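Asker: Dock chains B and C against chain A, hints included.
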Amino acid sequence: MKEPVSNSEVAVKSALKGRRRPKLLRNLAAKIAAVPMILVALVGFVGCSVWSIFYSFTSSKSLPKERFVGFAQYERLFDSSRWQTSVENVAIYGVCSLVFSLTIGFLLAVALDQKIRFENTFRTIFLYPFALSFIVTGLVWQWLLNAEFGIAQVIRDIGFSGFEMNILSNREYAIYAIVIAGLWQGTGLVMALMLAGLRGIDQDIWKASRVDGIPAWRTYLFIVIPMMKPVFITTLVIIASGIVKVFDLVVALTAGGPGGSSELPAKYVYDYMFGRANLGQALAASTVMLITVLIILIPWAYLEFSQKRNAKHG
Amino acid sequence: MVKSIHEGMQGPHGPKPKKSLSARNIVLYGFLLVAAFYWLLPLYVMIVTSLKGLPEVRMGNIFSPPMEITFEPWIKAWDTACTGLYCEGLKVGFWNSVKILIPSTVISIAIASVNGYALSFWRFKGSEIFFTILLFGAFIPYQVMLYPLVIILRELGLFSSLGGVVLIHCIFGMPILTLLFRNYFASVPEELFKAARVDGAGFWRIFAQIMLPMSLPIFVVAIILQVTGIWNDFLFGIIYSGTTNFPMTVQLNNIVNTTQGVKEYNVNMAATLLTGALPLVVYFISGKLFVRGIAAGAVKG
Amino acid sequence: MKLVRNTLAAAIAFAAIATTTPASAAELEVTHWWTSGGEAAAVKELADAFNAGGDTWKDGAIAGSAGVARPVIVSRIIGGDPMGATQLNHGRQAEELVEEGLMLDLTELAEKEGWKDIVRPASLLESCTLDGRIYCVPINIHSFQWMWISLNAYKKAGIDAPKDWNEFVASAPKLREAGITPLAVGAQTWQTNGMFGVIRLGLGGMDLFLKTDVERDSEALRSDTMAAIWEAFGEARKLDDDNNSIQNWNDATSQVINASHGAQIMGDWAQGEFQVAGQTAGVEYDCLPGLGIAPALDTGGDAFYFPKQDDPEKTAAQLRMASMMISKSVQVAFNLKKGSLPVRGDVDLSAANDCMKKGLEILKSPENIVPGGTQLFSPDTSGQLEDLLSEFWTNPDMKPEDAHDTWATIIEEAE
Numbered sequence: 044m045k046e047p048v049s050n051s052e053v054a055v056k057s058a059l060k061g062r063r064r065p066k067l068l069r070n071l072a073a074k075i076a077a078v079p080m081i082l083v084a085l086v087g088f089v090g091c092s093v094w095s096i097f098y099s100f101t102s103s104k105s106l107p108k109e110r111f112v113g114f115a116q117y118e119r120l121f122d123s124s125r126w127q128t129s130v131e132n133v134a135i136y137g138v139c140s141l142v143f144s145l146t147i148g149f150l151l152a153v154a155l156d157q158k159i160r161f162e163n164t165f166r167t168i169f170l171y172p173f174a175l176s177f178i179v180t181g182l183v184w185q186w187l188l189n190a191e192f193g194i195a196q197v198i199r200d201i202g203f204s205g206f207e208m209n210i211l212s213n214r215e216y217a218i219y220a221i222v223i224a225g226l227w228q229g230t231g232l233v234m235a236l237m238l239a240g241l242r243g244i245d246q247d248i249w250k251a252s253r254v255d256g257i258p259a260w261r262t263y264l265f266i267v268i269p270m271m272k273p274v275f276i277t278t279l280v281i282i283a284s285g286i287v288k289v290f291d292l293v294v295a296l297t298a299g300g301p302g303g304s305s306e307l308p309a310k311y312v313y314d315y316m317f318g319r320a321n322l323g324q325a326l327a328a329s330t331v332m333l334i335t336v337l338i339i340l341i342p343w344a345y346l347e348f349s350q351k352r353n354a355k356h357g
Numbered sequence: 006m007v008k009s010i011h012e013g014m015q016g017p018h019g020p021k022p023k024k025s026l027s028a029r030n031i032v033l034y035g036f037l038l039v040a041a042f043y044w045l046l047p048l049y050v051m052i053v054t055s056l057k058g059l060p061e062v063r064m065g066n067i068f069s070p071p072m073e074i075t076f077e078p079w080i081k082a083w084d085t086a087c088t089g090l091y092c093e094g095l096k097v098g099f100w101n102s103v104k105i106l107i108p109s110t111v112i113s114i115a116i117a118s119v120n121g122y123a124l125s126f127w128r129f130k131g132s133e134i135f136f137t138i139l140l141f142g143a144f145i146p147y148q149v150m151l152y153p154l155v156i157i158l159r160e161l162g163l164f165s166s167l168g169g170v171v172l173i174h175c176i177f178g179m180p181i182l183t184l185l186f187r188n189y190f191a192s193v194p195e196e197l198f199k200a201a202r203v204d205g206a207g208f209w210r211i212f213a214q215i216m217l218p219m220s221l222p223i224f225v226v227a228i229i230l231q232v233t234g235i236w237n238d239f240l241f242g243i244i245y246s247g248t249t250n251f252p253m254t255v256q257l258n259n260i261v262n263t264t265q266g267v268k269e270y271n272v273n274m275a276a277t278l279l280t281g282a283l284p285l286v287v288y289f290i291s292g293k294l295f296v297r298g299i300a301a302g303a304v305k306g
Numbered sequence: 136m137k138l139v140r141n142t143l144a145a146a147i148a149f150a151a152i153a154t155t156t157p158a159s160a161a162e163l164e165v166t167h168w169w170t171s172g173g174e175a176a177a178v179k180e181l182a183d184a185f186n187a188g189g190d191t192w193k194d195g196a197i198a199g200s201a202g203v204a205r206p207v208i209v210s211r212i213i214g215g216d217p218m219g220a221t222q223l224n225h226g227r228q229a230e231e232l233v234e235e236g237l238m239l240d241l242t243e244l245a246e247k248e249g250w251k252d253i254v255r256p257a258s259l260l261e262s263c264t265l266d267g268r269i270y271c272v273p274i275n276i277h278s279f280q281w282m283w284i285s286l287n288a289y290k291k292a293g294i295d296a297p298k299d300w301n302e303f304v305a306s307a308p309k310l311r312e313a314g315i316t317p318l319a320v321g322a323q324t325w326q327t328n329g330m331f332g333v334i335r336l337g338l339g340g341m342d343l344f345l346k347t348d349v350e351r352d353s354e355a356l357r358s359d360t361m362a363a364i365w366e367a368f369g370e371a372r373k374l375d376d377d378n379n380s381i382q383n384w385n386d387a388t389s390q391v392i393n394a395s396h397g398a399q400i401m402g403d404w405a406q407g408e409f410q411v412a413g414q415t416a417g418v419e420y421d422c423l424p425g426l427g428i429a430p431a432l433d434t435g436g437d438a439f440y441f442p443k444q445d446d447p448e449k450t451a452a453q454l455r456m457a458s459m460m461i462s463k464s465v466q467v468a469f470n471l472k473k474g475s476l477p478v479r480g481d482v483d484l485s486a487a488n489d490c491m492k493k494g495l496e497i498l499k500s501p502e503n504i505v506p507g508g509t510q511l512f513s514p515d516t517s518g519q520l521e522d523l524l525s526e527f528w529t530n531p532d533m534k535p536e537d538a539h540d541t542w543a544t545i546i547e548e549a550e
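Residue numbers (our numbering), protein chains in the order written: chain A, 44 to 357; chain B, 6 to 306; chain C, 136 to 550.
Extracted from the complex, chain A is given alone in its bound form (with noise of 0.2 Å):
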């Protein structure tokens, strides 16, 4: 993204670099200042990662101990019907997730950049939520859905007395209950990325296609689209890492409830790691979460750092 450097900025670099210090000593104030970086990408990250990995071998309860059994834990996980469904779930919830709030936040976005009156007013009703907490939307949500006193029993006001709407006490909706609180949270966030990849476009382009007589749709589905790409893989990674953190909206909404049918593995891994006292367990499926989002995720940075490199060499 940096601006192309000049031949004679390269020149003043390299006679900056030419002045040699020890190897070590050389740059010693950023080295100092980057210390708590280091040691938070190795102690915190890789470290932890690392230890949770090593314990998940075995078959520590409360407290880490080094009795190993194998995969044993890992065939415990698989064959876990608790585990099924979490992971089910957040399959469910996260392409909901990325469908829904990708298409209705670039809607959004397209919409709030016609030269629409009261736009500022507009935006800041959708993206509100993003300041709440997940606590606050799981208990917004929770009343709301109320079968008994939320907007159920509104539409059974308004004369369908028969109406029933429990999607929070079923089995088969309760997750869809957590995606609606969450893209209620969350797609305002994503309209807010989404208005600024707009925004960031070249007026031209749009004097050009009109020039041309292409339709408005046309240009923004060949056109604007694929010159976003950017803005949509960032989008794209920061709600699937948010997906794989979902824990507090689940606690809050549903419990994981009914009968553990809106489970999410967040949630598994919490449960047993305290509650359960089966830290062997609860390490193994957060190995599990670990190795999935770094699936997700290398592909991605391969992606980014490659362009980065190419346009910077180019």
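It is worth saying that the hints were derived from the structure and are not from the lab.
A couple of the hints might just be wrong.
Coverage of chain A stretches by chain B, computed from C-beta distances (three or more under 8 Å per stretch; other residues unrestricted) [said to hold, decoys possible]: (1) 112-125; (2) 133-140.
Simulated pairs of lysine-lysine, DSBU-like, Cα-Cα distance not exceeding 30 Å [as the list claims (entries may be wrong)]: (3) B/K81 <-> C/K179; (4) B/K130 <-> A/K158; (5) C/K298 <-> A/K108; (6) C/K247 <-> C/K449; (7) A/K108 <-> A/K74; (8) B/K81 <-> A/K272; (9) B/K96 <-> C/K290; (10) A/K74 <-> B/K130; (11) C/K493 <-> C/K298.
Note that the structure is a prediction, hence the values are computed from the model and not measured.
All residues carry an ideal CB built from backbone N, CA and C; glycine is no exception.
Answerer: Coordinates of chains B and C only, in the frame set by chain A:
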């Protein structure tokens, strides 16, 4: 990059609007109004419910405005709602959250800004590798790190203390903040930096005298991100802060999950609104900056 | 700012009071998950008794049942910031923490006060014992084996209140006609699991229960009688409310109290809620131990553990608290509020209500007593059972025979 930020703040780009009552406008505003309705509904219901008395909540319709406005639920939520014998409402949690929020925000931003600066102008061998690890860290499920961090904090003697939870927030805030600052400083013209180097200024002087004064906007963005993020945290608060330092979100969850006798939906809603109030206020005040921050921080990543 | 000043002033005033108390006093933080109306009233008895001795009870209630509270409690002990005392169900939950030497050894105090002679049934103290040392104070006997009937609901429906489970099932259609949901159940998973335990003991009888839960005998686990019980439990799913949106057990008890639901299968702790609501046993509600079929009780219960402290003064205060909890007056006052039975047989319980007296009567004969779930299974196994039972309860498509098979496997493979 500077150029693109300015571009980003230009006006809308879409085709010019035609006359006001065209079919296109009806569809457009219809869509926006329906969406606005969906997004505003929960806030409206929260406010309305929190202002009703309990009998009215049980009788009526969640959308109907209160017949008799009462602030009882708000007072109760703030001052006297109970969890067990502990009947202090949310006020203690509020101050705990403030105590967690201020040092966490200040320290994490201080560290991240220096990091971002170092990564932009003072790259050293391996700095990019550490940064990449850090970025990956942003996506690691928290659950992977929960338990080892308990042990680390125990060894540091920080578990279940204010210091501990602040440290945790600094760790988890670092990736995104560092990214934010690195991208911002990357947009600063390199000539500025070189000129200062030629004048003999060092690492810290350039940071303090040149970079800081020009990076006010990104600091505002970072503050907003951290304030909302830390305030809304639940998981770290419940595990690392200790019962006496429970933040407001944890106490909110405590209060709404406690029923002594009847379930007081109105008090729960008032408590929910109180907990969401601070980030909402920050968000409404900062408005455009918030959006700009998201754009600058995320899109250019 | 005014608020800050006020808190400051309060803090100074508090410090002033604190310094005037005797040097031996200490403040102990006590964590527990007793947050319902009846529970809070019972905890208050403990706190008052402790404070009366000059010490300070710092209440650390954590809402949302043991599932939410236990992680907080356990992580704090592991993390090296132990509380002064904490509730845990005795039995297997704290085993490893004790092995690791994180809990205070109460053996000396127990010997001095002769806990062995006063605590009954003896199994309660045994659950607190590891390698001959005592690590916790059993504070009450809780039994899940109760069914609570709303007499008001039956009056509303115009039929006689049932005397046992079978009558209750038979009366369900009549209740439905009167717009009353027969059975109140909260969504928390432990409730369904506990309810199944009650139905198992009630319909299957004592011998089968001991074979399945204590001996974990495969043959009994997979017997025809068990299959029939699963079948009955599957039928019971229809008694529930489809629109059930409540989580907490005490919200379900409220539904029985206000007669919108006919009955609830819940432990004797539900009694505290009836009491807080001002209802009397035999008038507004009735209680059936062992489903009214087999008068048996499981003797689970709550216990307090005292995580080791560095400060000897705190350790002294912990011992004072332990002694206080098992003392006669506290046992009576606490258990009357809690709806549970005292752990010592030598106290005067003339103030007890009819339901508690029924319980005491059953408790007199040892052959009526089975161990409670937390004594039998590790939290891991209990958790798996809870997952299974709650799924079965909410999923009408799940066949009893399939659930039965999974259930038997979980218990067979349990540690």
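Asker: Among all the numbered hints in the text so far, which are the ones the structure does not match?
Answerer: Hint check: 1, 2, 4, 5, 7, 8, 9 fail, others pass.
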